[in-house]
Structures are given as structure tokens and as C-alpha cells.
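Please construct the entire structure, taking both the sequences and the accompanying hints into account.
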Amino acid sequence: MDTDLPATRIRAKQRLGDVLFSGAALAAGILILVALAAVTIFLVAQALPAFTADPADVSKDGRGFWSFVIPLVFGTIWAAALALLFALPLSIGIALFISHYAPRRVALTLGYIVDLLAAVPSVVFGLWGITVLAPAMQPLYSGLVDSLGWIPFFAGPVSGTGRTVLTVAIVLAVMILPIITALSREVFLQTPRLHEEAALALGATRWEMIRMAVLPFGRPGLISATMLGLGRALGETMAVAMVLSPSVIISFALLTSQNPTTIAANIALNFPEASGIGVNVLIATGLILFLITLVVNSLARFIINRRKDFSGAN
Amino acid sequence: MSKRIEVRDLNVFYGSFQAVADVSLTIEPKTVTAFIGPSGCGKSTFLRTLNRMHEVIPGARVEGEVLIDGENLYAPNTDPVEVRRQVGMVFQRPNPFPTMSIRDNVLAGVKLNNKKLSKSESDELVKRSLQGANLWKEVKDRLDKPGSGLSGGQQQRLCIARAIAVAPDVLLMDEPCSALDPISTLAIEDLIDELKNDYTIVIVTHNMQQASRVSDKTAFFNIDGTGLPGRLIEYGDTTTIFERPTVQATEDYISGRFG
Chain Y
14 MDTDLPATRI RAKQRLGDVL FSGAALAAGI LILVALAAVT IFLVAQALPA FTADPADVSK
74 DGRGFWSFVI PLVFGTIWAA ALALLFALPL SIGIALFISH YAPRRVALTL GYIVDLLAAV
134 PSVVFGLWGI TVLAPAMQPL YSGLVDSLGW IPFFAGPVSG TGRTVLTVAI VLAVMILPII
194 TALSREVFLQ TPRLHEEAAL ALGATRWEMI RMAVLPFGRP GLISATMLGL GRALGETMAV
254 AMVLSPSVII SFALLTSQNP TTIAANIALN FPEASGIGVN VLIATGLILF LITLVVNSLA
314 RFIINRRKDF SGAN
Chain G
11 MSKRIEVRDL NVFYGSFQAV ADVSLTIEPK TVTAFIGPSG CGKSTFLRTL NRMHEVIPGA
71 RVEGEVLIDG ENLYAPNTDP VEVRRQVGMV FQRPNPFPTM SIRDNVLAGV KLNNKKLSKS
131 ESDELVKRSL QGANLWKEVK DRLDKPGSGL SGGQQQRLCI ARAIAVAPDV LLMDEPCSAL
191 DPISTLAIED LIDELKNDYT IVIVTHNMQQ ASRVSDKTAF FNIDGTGLPG RLIEYGDTTT
251 IFERPTVQAT EDYISGRFG
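Line by line, the protein sequences are chains Y and G. Per this note's numbering, residue 14 is the first one in the first sequence, and the count goes up by one each step. Per this note's numbering, residue 11 is the first one in the second sequence, and the count goes up by one each step.
Honestly, I wouldn't trust all of these hints.
[What the hints assert, rightly or not] Restraint-style ranges between C-beta atoms, simulated for each label pair:
1) Leu140(Y) with Gly69(G): 40 to 48 Å
2) Leu103(Y) with Arg103(G): 32 to 40 Å
3) Gly156(Y) with Lys129(G): 47 to 55 Å
[Claimed, not checked] Dumping the calculated BS3-like pairs for lysine-lysine here, alpha-carbon to alpha-carbon at most 30 Å:
4) Lys137(G) with Lys40(G)
5) Lys155(G) with Lys129(G)
6) Lys121(G) with Lys147(G)
7) Lys321(Y) with Lys147(G)
8) Lys321(Y) with Lys40(G)
9) Lys137(G) with Lys125(G)
10) Lys321(Y) with Lys129(G)
11) Lys321(Y) with Lys206(G)
12) Lys206(G) with Lys121(G)
13) Lys155(G) with Lys121(G)
14) Lys321(Y) with Lys137(G)
15) Lys147(G) with Lys206(G)
16) Lys150(G) with Lys40(G)
17) Lys121(G) with Lys321(Y)
18) Lys150(G) with Lys137(G)
19) Lys206(G) with Lys126(G)
20) Lys137(G) with Lys13(G)
21) Lys321(Y) with Lys155(G)
22) Lys126(G) with Lys147(G)
23) Lys147(G) with Lys129(G)
24) Lys150(G) with Lys206(G)
[Stated by the list, open to error] Okay, the calculated bits of chain G under chain Y, using three or more residues with CB under 8 Å as the criterion:
25) 56 to 67
26) 74 to 85
27) 105 to 113
28) 116 to 123
Think of the hints as simulated: they come from the structure by calculation, not from any bench. Predicted, not measured: the structure shown is a model, and the values here were computed from it. Ideal Cβ placement from N, Cα and C applies to all residues, glycine included.
Pasting the structure below:
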């Protein structure tokens, strides 16, 4: 037997179309990395001075960068989490109604309306929050503070304008509702007919079939949809900046006029007047927002991968 | 456990299209009955009326009666969900729930019945059902692994285990071997032979050797042309149908002249 095998491997024939296409795909892939790297480098380079500067220059109270940024981080996560709390159950409900309960025609119409809602610019949502939602909610807020004020979330004194973090959370919830709904509807529609029938044939009711076949199958997609919604809520600027009169505090009270603001809204409000080290501080908060989003997305990816074997993709 | 099925003047529709017309037949307990016939003749559709799975397709409806031990499945106050708990079904392509482990797949139907089983009871049920489906030896060390990791034939036996775990009266099989290789097919056929001791089994098959191997009775369905409803042409003992059919169409079909 000949052990001295030739070193050359058989190569696939190179066709022009294939070469062009794989080159284009590769270029697109590299481009996204370049864009990401450019943003990261900009953020880090511009943020660095804020970390090393004299604390007295960084914030008005002179306690330094971290005491300035931590309330903002809290406000960002708090508002986004509240928004998600309202939007997620509602989105799943709407998506299931469209995909599994509504008659065809109703489902189509409702689908269009949801997509339309996604196209409304956030400034419009902000205006709606100030002029319609806040005044409308104010009496309810007063009632909540009066009757349930002993619960820390509803502690007084109540805001007279209704422009509270709860209003912001509701506006954000309405904003992220369409994207979560649209994506989860697509995911639910992709449940194989075979699995739905398997559940039904075992004697599952419609709801049991959804719990047994549709929701577990859609779980990774649902998590991705939630993350996209959460990403939008975390980064949302205009609606928050318009509705809230910000204070830099950490407070779980939902209904007072002292509300924590978010990183993005804070940047939008303060950037025009910022100068010198102030600009670097704001960019540094942007870097923190970037990191929060990164952590949230990695967490979601981790959750999805942990149960990869059971995803149905194999 | 096993029950007699009586079908009287059954007509099946998809919207305005009639898929099956005027079927009447009686299936005895603890027998295997095979439905054969060319594609599109309505045999699968008819099978799905026996556990009210037909109506999950929008616009589908059924006229006539299906009696299981005298009780009409299509009586106004009959709950289709209850029917499906009594009449199990195995599908053409293996469909274990991909998001569940092997063990949870077996227990899926039992959990629907809101039965609270202790750990030892459910362990016992999983073992008994998997043994009943001739799968226990192959999977007993990996009950917590996903059901989708098994081979096609194993997955189909897992689906059979899932169906028999709820102790149904009747087991319907819609071309259970059509996606399987010959060895797996043989395993399922042997299994059908054993399950016959406890269940009334109805199987749709395209494979006439399979019908003659596994069934006691055979029903031949046919259509006169596209757009026309399928009809029951001949029904009788499998040996009679295959050796001395009384209708010319049956003979033509089983001897391979069409279909």
C-alpha cells in the first residue's frame, strides 16, 4: 500500500457566481463587525476622560461619575422592565389570538394594525403620553396613592401632572408592543401542524395544545422578540425625555413627581448644553447603556442555548 | 379496554367539497382493521372522523353517526376533547414533542387528564408504556434526553407509547410506517400484533403487503374521479379481500393494475 499520499486535496470547481456571492456575503459580514468596532472605539475613547477626571468636574455635587451614572442605570432598567411587564403578556395574548383563535379575516386586519402601530414615530408616542395619557391617568394615580399608599410602589406624594415613571412605562409598553407581537405571531404560526395535532389527538383543549406544543416550540423566538422589545425600551429617548421631568434619584415609587430618568433621555436633554468634560461624561453613560444592552442580549442567548437540545431544531 | 366501532351513513366534507360518502361499517373489538385504497380516496379523512380530528381543519364537517360501544361520537353533547382521550392516534410522520424529554412525551397525555401521579406511579407508567411500545430497552438509560434525538422508527414507537399511556379504547394509525425503513416497519408491525390483545386498532396503509400481514379485516376505498367523494367499495376478512375479492375494482387495485 502506498503510504506516500499526494499532499494536494481535490478542490471544488470555482464558479464566478459563487465567488462573487460568497465575497459579497463576507463583505457584508465584515461590515457589521467594522461598524460595531467603530462605535465601540468611539465610545471607549471618548468616555475614558470621564473615568479619570477629577470628581468635582464630573458632576455638580462633586461625588464623581459613578454616583451620577448609577441612578441613571437604575432608571433605564426600571422603566424598561416595567414596560416589558405590561407589554409582554399583552403581546403574547394578541399574538396567540391572531395566530390561533381569530377567524382569518379578523387575524389579517389585526395583523395590519399591529404593523401600523410599529411604524408610529416615538415623538408621536411622546406627545400622546404628555397630552393624553398623563392627564387621563392622573385621577387614577391620586386614587392609588390614597387607597394603596402603604405599598412602597404607590407611595405619595402623588404627581399633579400625571407625568410619572408609570406613565413613561405605559408609553414604552405601547411602543414595544407591536414588535414583540409581530415577531411572536410569526413564531407561533411556525409551530408544525404535526405537533399541534399530536397534542389535540391526545385530548388537549385548544389552550392545552398551545401550552403543550405552541409555546414551548416558540420559546426561543419569544425570548428573541422580548429582547428586541427590551432593547428598544432601554434605548428609547424621545418619549421618555418628553414625558418625564427628570431627577437623578433611585426610587421605586411609581406615582410621584420625583422620577428617575433614563440614560438615553438624559443624554438627549443635556447634550446640547454640555461642554468640555460634560460631553465625555454623557458619552460614558452611553457606553454604560451599550454594556447593559450587551449583557441583556448575552443573557438571552445563554437562556436559549441552555435548552438547545429541546428546541426542536434538530 | 377495547371497544366496538359502528359507523352509520357517514359523509365527510371540507367546506362544500364532499371527501367521503355513505360509509357504513362495523369494527369488532380487539381486531386490526386496515384501510387501503389509492391516494386521495378519503381513507385518512375517514380515519380522522373516528376520533373527531377531522374537524380541527377549518371548514371541515361530518354527517352521520360513529358509535363506540353504542355511544355516538357526533351526538350534540359529546365533547371532542373527551373523544380524543378515548381514541388514540398515531400519525404518518413521527411527531414526538421536540421540547420534551422522552419521559415527558410518554406522560404528555396523562398530564392532560389532570391526574396527579406520584413519582413512582409515573415511573411505572413510563416503563409500562415504553415496554408496550417495544422501546423500553433502547431508551431506558436516556429518558431525560429529548425525544427528537431518536431514530425515526424509535420516534414512531415513542408516539405509540404516548398514545397507549392514556389507556385508550381504540388506537388509530394513519400510515404509521410510511416514513420508516423496512426494519423499523417490521418492529411496528410486530408491535401492532401485540397491541391487538388489548386494543381495537384501525390502520391506514398504502402498503398492501402490510395490510395482509397485520390486519384481520380490510376495507377498500376508491374514488370514481377527481372532485368526487371517496366510497367504501368492499369490506371483509383480509384473506377474502386479498384472495377472492367480489368487486372488480378491489381485484384491480390489489393486483397492482392501478393506484
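Given the hint that Lys321(Y) pairs with Lys147(G), does the C-alpha gap stay at or below 30 Å?
At roughly 26 Å apart (the allowed maximum being 30 Å), Lys147(G) and Lys321(Y) satisfy the hint.
Take the C-alpha atoms of Lys150(G) and Lys206(G), compute the straight-line distance between them, and say whether it is at most 30 Å.
holds, 24 Å
Please verify whether Lys137(G) and Lys40(G) have alpha carbons no more than 30 Å apart.
The hint holds at about 23 Å.
Is the Cα-Cα distance between Lys147(G) and Lys129(G) 30 Å or less?
Given that 30 Å is the threshold and the Cα spacing comes to 20 Å, the pair holds.
Count the residues of the segment 105 to 113 of chain G whose Cβ falls closer than 8 Å to any Cβ of chain Y, and tell me whether that reaches three.
holds (count 7)
Taking the Cβ atom of Leu103(Y) and the Cβ atom of Arg103(G), is their distance within the range 32 to 40 Å?
holds, 35 Å
Check the hint pairing Lys121(G) with Lys321(Y) against an upper bound of 30 Å on the C-alpha distance.
Holds: Lys121(G) and Lys321(Y) sit about 24 Å apart, inside 30 Å.
Check the hint pairing Lys150(G) with Lys137(G) against an upper bound of 30 Å on the C-alpha distance.
Holds - the C-alpha atoms of Lys137(G) and Lys150(G) are around 8 Å apart, at most 30 Å.
Between the segment 116 to 123 of chain G and chain Y, see if three or more residues pass the 8 Å beta-carbon test, and mark the coverage as holds or violated.
holds (count 4)
For Lys137(G) and Lys13(G), compute the direct alpha-carbon distance and say whether it is at most 30 Å.
Holds: Lys137(G) and Lys13(G) sit about 25 Å apart, inside 30 Å.
Is Lys155(G) within 30 Å of Lys121(G), Cα to Cα?
holds, 19 Å
For the segment 74 to 85 of chain G, do three or more residues have a beta carbon lying closer than 8 Å to a beta carbon of chain Y?
violated (count 0)
Hints 8, 11 and 26 from the list above are not met by this structure, while the remaining hints are.
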